[in-house]
Amino acid sequence: MAVAAHLPDRRLLVVTAMPVAAFLVLLAALAAASPGLLEAGSLLTLADSAAPLTVLAAGATIVVLCGGIDLSVAALASLASVLLASWAPGLHGWAVPAVVTLCALAGAVQGLVHVAFRIPSFVVTLGGMTLWSALALLASGAATVPMPDSTPTDWAFTRLGGLVPSAVLVALGTMAALAALLRVTPLGRWVRAVGHAEPAARLAGLPIARIKVIAFALSGGTAGLAGVLLVARTFSGAPTLADSLLLPAVAAIVVGGTAITGGHGALWRTLVGAGIVTLLRVGLSYAGVDAAYESILYGVLVVGAVALTIDRSKVSIVK
Amino acid sequence: MIEVSGLRKAYPGVVALDGVSLQIRPGEVVGLAGENGAGKSTLLKALVGLVRPDEGTISVRGRQVRLRGVAEAAAHGIGMVFQEQSLVPNLTAAENILLGCEGSGVRLGVYRWRRLRELAQAQLDKIGSRVDPMARTETLSFAERQMVEIAKVLAIEERTKEPPVVLLDEPTSVLETEEIETLFAQIERLRKHASVVFVSHRLDEVLQVCDRVYVLRGGQVAGEIDPATADAADLHRMMIGTEATGSHYHDDLHTPPERESVRLSVRGLCGDGFSDVSFDLARGEVVAVAGVHGSGREELCRALFGGRAITAGQVELDGETVRLSSPRDAVRAGLGYVPSERKVEGIVAAMSVAENMALPHTGALAREAQAVEEWIERLRIKTPDRHTAIGTLSGGNQQKVVLARWLLTGSLRVLLLDHPTRGLDVGAKSEVYRLIRDLSASGVSVLMLADSLEECIAMSDRVLVMKEGRVTMTLHTPPGAKPDPVELVKEMV
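Chains A and B supply the protein sequences, listed in that same order. So that you can map any letter, position 23 of the first sequence is 23 in UniProt numbering, and since no number is skipped, the others follow by simple counting. So that you can map any letter, position 402 of the second sequence is 402 in UniProt numbering, and since no number is skipped, the others follow by simple counting.
One or more of the hints may lead you astray.
Label-pair distances were calculated between CB atoms; the ranges are [stated by the list, open to error]:
no.: 1; chain 1: A; residue 1: 179; chain 2: B; residue 2: 410; range: 40 to 50 Å
no.: 2; chain 1: A; residue 1: 287; chain 2: B; residue 2: 100; range: 49 to 59 Å
no.: 3; chain 1: B; residue 1: 136; chain 2: A; residue 2: 289; range: 49 to 59 Å
no.: 4; chain 1: B; residue 1: 136; chain 2: A; residue 2: 97; range: 51 to 61 Å
no.: 5; chain 1: A; residue 1: 179; chain 2: B; residue 2: 382; range: 48 to 58 Å
no.: 6; chain 1: B; residue 1: 382; chain 2: A; residue 2: 291; range: 40 to 50 Å
no.: 7; chain 1: B; residue 1: 369; chain 2: A; residue 2: 97; range: 30 to 40 Å
Here are some, though not all, of the chain A residues that point toward chain B, as calculated from beta-carbon distances under 7 Å [claimed, not checked]:
no.: 8; residue: 186
no.: 9; residue: 189
no.: 10; residue: 193
no.: 11; residue: 196
no.: 12; residue: 197
no.: 13; residue: 199
no.: 14; residue: 202
no.: 15; residue: 203
no.: 16; residue: 204
no.: 17; residue: 205
no.: 18; residue: 207
no.: 19; residue: 263
no.: 20; residue: 266
Rather than coming from a laboratory, the hints here were simulated on the basis of the structure. The C-beta atom is built at its ideal place from N, Cα and C for all residues, glycine as well.
Okay, chain A solo, but in the shape it has when bound:
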């Protein structure tokens, strides 16, 4: 018990220092191999390529902080891309908020099912994942849906002042907005309390069900926004457009130091995590490694990061 009492400090040190150190080491290694990388232009391009992943992982981080997981985000982002491409001709600029809102609702529905029927979140969102994928296939006729007129999404794939990619600002803005929401309202405290000790949170009179549904709605909403970013850069929607981003998104969350067991973690960590994942991907392709090996790396990364960040005081039996 004495160990448990001191755990937070030691944990925090390890879990905070390691992701930041890993990010810097990766950056240094890549810069050593390719000195041009540290120029502003290439750094911004790197950040631009990390933006959709960052947004995708942002809301999902809040679900993980609650002690759950949202496996549906990538499929939902794919669905969002299809819907956006199909609706843009009719709804024009309104297609973007419509898609994001719809995805937030889809997330909320998953949250409601999780809370109301007391089904583990990974099962609900695994079901959700297949459901959104199927809907995306149906809506698109299993084909890529082109955007004949890209005006509604041009804002999300441009360079401000000819330099700063707008997607990077969208990603940072999303992170900042969510972080502010968690900090200024009691939601942040409530989300972590639910993740750390749900029984205590319940007996403190917290609206547990509402907190979880909000977390899933935010996760769905950011997944939709990630879909928008992807459409903006590919000028089309596709039913599997974001599917390959699921494992990298989970990796970004846990590699940043957020514990899969809930409670411990923060949004800025996911930003660092997304940075690490992106640098690794770039590094691998630079080293000429086949893209198929990327998935192996993500798998190892997720398992390793979970092993390091998991709160073992909470799980006496791991299933």
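Start from chain A and add chain B according to the hints.
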């Protein structure tokens, strides 16, 4: 057989064992008595290797041993019958009895059922139990499963070739009268095969069954009692010791309740574990609910906070009917609850003092920080600052934070306290009592499940006695007219 010497075990904020020494001789039934938090459980756990003592030694048959788990304790001939039973429900009784030490019951990795049955039967025979060794454990009654557990502990003998030591932790707490009689007969029979350590809250049982009784108090051995010459009152007196003074409970701060002003009115309340419970709580009144395990008082307290379903009946708060279908409802109605499992249900250990105190709070953050600082000062909570993780504080200070949670908003009307002083040291207890007195003076009504009878009587204006889910008696306990704890015990059992 076993010699324990100078055993000490400290947890942050509380010393569970403070230099305990005792002996257990062959063929002897030794009793352990003491209030909650006296150190009985920790001592038993140390004897089966579930708790590693900080200091002190345990010797078995003259050889000093270091126990690092149930398996090692078993290898030295010590086994425990756990309060929360430890059998695998979907295996047969025989499999459970021989689990992990099947011996000749297994050949080439395959069960030899007939041999297994014989081996298990031999253990059951030792206590004359008629449980069918081939019965699936989950189909057996609680009392039968207990017999299987005892048989399982006795099976240790086959390996050590020495009579084992059987530790019985509260074995009678959920048994019927008849089953208790059977158990006592078994314990008599056990003497031929083993030494027994018997722990029970029921003092008459301890005196009836044991040859000698060690009384623990505050982690120390307060004394030894010979059941032949002592009665329950002697035992109880030794258990509570001399700390029982008025100043400990801040009697001077007592304010009489405003009888004519009813705060909480409960009428015909039914739920799982209790039925037809009716009582009133006046403004500023402190009512303690007394009852043994299974009396339904914990369930009642939970239900009043919306943590368990209420199936019938009505609750009125200051004259208005309230619906209590979740803790959130209860909090909004002006109820507060301090759970007995502080570490699991009271605090969020990894979060800060401020976050824990303001957990349900939704107001502005700046004002909240100020209020938190104010309560840290008013309750003299010992913490480096409000950002410190609450898990690093002592139990008493953690409990003060949990209490402050309900005081922060100033809208508290009724406080439900489920063993508020459990696991706290004497000084911290006294501070909690003082806070209860202050709250009562400010008009908050308190419903309390006390940790000991003495606390129950000392802190309350009235005591409700619960038995088998019903309120069987109400006792007025104003200052100066406190009843004898022994009287109360008679009503409880």
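A quick look at each hint next to the structure:
About 31 Å separates the C-beta atoms of residue 179(A) and residue 410(B), a value inconsistent with the hinted range of 40 to 50 Å. With their beta carbons about 51 Å apart, residue 287(A) and residue 100(B) fall inside the hinted range of 49 to 59 Å. Remark: the range hint 49 to 59 Å for residue 136(B) to residue 289(A) is upheld by a beta-carbon distance near 55 Å. Evaluation of the 51 to 61 Å hint for residue 136(B) and residue 97(A) yields a pass: the beta carbon distance comes to about 60 Å.
Under the hint 48 to 58 Å, the C-beta atoms of residue 179(A) and residue 382(B), about 32 Å apart, miss the expected range. At about 57 Å, the beta-carbon gap between residue 382(B) and residue 291(A) misses the expected band of 40 to 50 Å. Taken as a hint, the range 30 to 40 Å holds for the pair residue 369(B) and residue 97(A), whose Cβ atoms sit roughly 36 Å apart. Annotation: interface hint on residue 186(A) holds; nearest CB of chain B at approximately 5 Å, less than 7 Å.
Checking residue 189(A) against chain B: minimum C-beta separation of about 5 Å stays under 7 Å; hint holds. The interface hint given for residue 193(A) holds, since its Cβ lies 5 Å from the closest Cβ of chain B, which is under the 7 Å cut-off. Contact between residue 196(A) and chain B, as hinted, is supported at the beta carbon level, the nearest pair being about 5 Å apart and thus within 7 Å. Here the hint on residue 197(A) is kept, as its CB sits about 5 Å from the closest CB of chain B, short of 7 Å.
Of the supplied interface hints, the one on residue 199(A) holds, with its beta-carbon coming within about 5 Å of a beta-carbon of chain B, less than 7 Å. The beta carbon of residue 202(A) comes within 6 Å of a beta carbon in chain B, closer than 7 Å, and the hint placing it at the interface holds. The closest approach between the C-beta of residue 203(A) and any C-beta of chain B is roughly 5 Å, which is under the 7 Å cut-off, so the hint is satisfied. Interface hint status for residue 204(A): upheld, as the beta-carbon distance to the closest one in chain B is roughly 4 Å, under 7 Å.
With a cut of 7 Å, the hint placing residue 205(A) at the interface with chain B holds, because the nearest CB-to-CB distance is about 3 Å. With a least beta-carbon distance of about 6 Å to chain B, the hint placing residue 207(A) at the interface is held under the 7 Å criterion. Residue-level restraint check for residue 263(A) holds (minimum Cβ-Cβ distance to chain B is 6 Å; threshold 7 Å). Here the hint on residue 266(A) is broken, as its CB sits about 13 Å from the closest CB of chain B, past 7 Å.
In terms of the numbered hints stated before, the structure departs from hints 1, 5, 6 and 20, listed from lowest to highest.
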